[in-house]
Amino acid sequence: GAVVSQHPSWVICKSGTSVKIECRSLDFQATTMFWYRQFPKQSLMLMATSNEGSKATYEQGVEKDKFLINHASLTLSTLTVTSAHPEDSSFYICSARGVLFTEAFFGQGTRLTVV
Amino acid sequence: RKEVEQDPGPFNVPEGATVAFNCTYSNSASQSFFWYRQDCRKEPKLLMSVYSSGNEDGRFTAQLNRASQYISLLIRDSKLSDSATYLCAVNFGGSNYKLTFGKGTLLTVNP
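So the protein lines, in turn, are chains A and B. Be aware that the first sequence starts at 1, since it is given in my numbering, and climbs by one per residue. Be aware that the second sequence starts at 1, since it is given in my numbering, and climbs by one per residue.
FYI, nobody ran anything at the bench for these hints, they're computed from the structure. Among these hints, one or two may not hold up.
Claimed, not checked - Lysine to aspartate or glutamate pairs mimicking EDC-like chemistry, simulated, CA-CA at most 16 Å apart:
hint	chain 1	residue 1	chain 2	residue 2
1	B	LYS103	B	GLU15
2	B	LYS103	B	GLU3
3	B	LYS45	B	GLU3
4	A	LYS41	B	ASP7
5	A	LYS66	A	ASP88
6	A	LYS20	A	ASP65
7	A	LYS41	B	ASP77
8	B	LYS45	A	ASP65
9	A	LYS41	B	ASP57
Please work from the sequences and hints to get the whole structure.
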């Protein structure tokens, strides 16, 4: 399968600061990237879908001004959690899909802890 | 009704057992279906795509029933290494191929 790299794998930050998470497709061009959030013992909840060069589409209930998504190239998307609060602590996972694939491939995930 | 609903589990089975997971979906226009495996504190990994004709990969068999809107995953001769959470995922259609996941079913295979 295709390789998606997510960085960092874990981060601890202070309440009120911003955190940027990167998602890169290493061996294919990702026309679409997805950002998910997963709380303990819960399923993956889609936060937003981004297509290269256009604005992200956010799912209902996800604040676009708090979770900034940029998909400036076919191999890189970033998620910035702005003014993070302890309730934002979660496992954030990206996935990427190329034109030739029906399935999407996941990054390793980022465990965010806000203290 | 939830868009994708999955057996809540958890399942605890002995080694060698056969175990089946089911997942129902609400949108009859759904286009593609998958089973993922997620180990603790890791990202999901694609286990199998699910086709109408059914598909098999070693000890794993996946089936799709469009009329009843469910997919299933059968694991035969379960191994200790099969212990994980199994997630079903459905693409409801649309150009982005976004996936909606079930809540996952935790499987523990005991020696």
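A quick look at each hint next to the structure:
1. B:LYS103 - B:GLU15: With a Cα-Cα distance of about 24 Å, the restraint between LYS103 (chain B) and GLU15 (chain B) is violated, given a limit of 16 Å.
2. B:LYS103 - B:GLU3: Within the cut-off at roughly 11 Å; holds.
3. B:LYS45 - B:GLU3: Not OK: LYS45 (chain B) and GLU3 (chain B) at ~21 Å, beyond 16 Å, violated.
4. A:LYS41 - B:ASP7: It holds: about 14 Å lies between the C-alpha atoms, which stays within 16 Å.
5. A:LYS66 - A:ASP88: Given that 16 Å is the threshold and the Cα spacing comes to 10 Å, the pair holds.
6. A:LYS20 - A:ASP65: 14 Å, holds
7. A:LYS41 - B:ASP77: 26 Å, violated
8. B:LYS45 - A:ASP65: Status violated; Cα separation ~30 Å.
9. A:LYS41 - B:ASP57: 28 Å, violated
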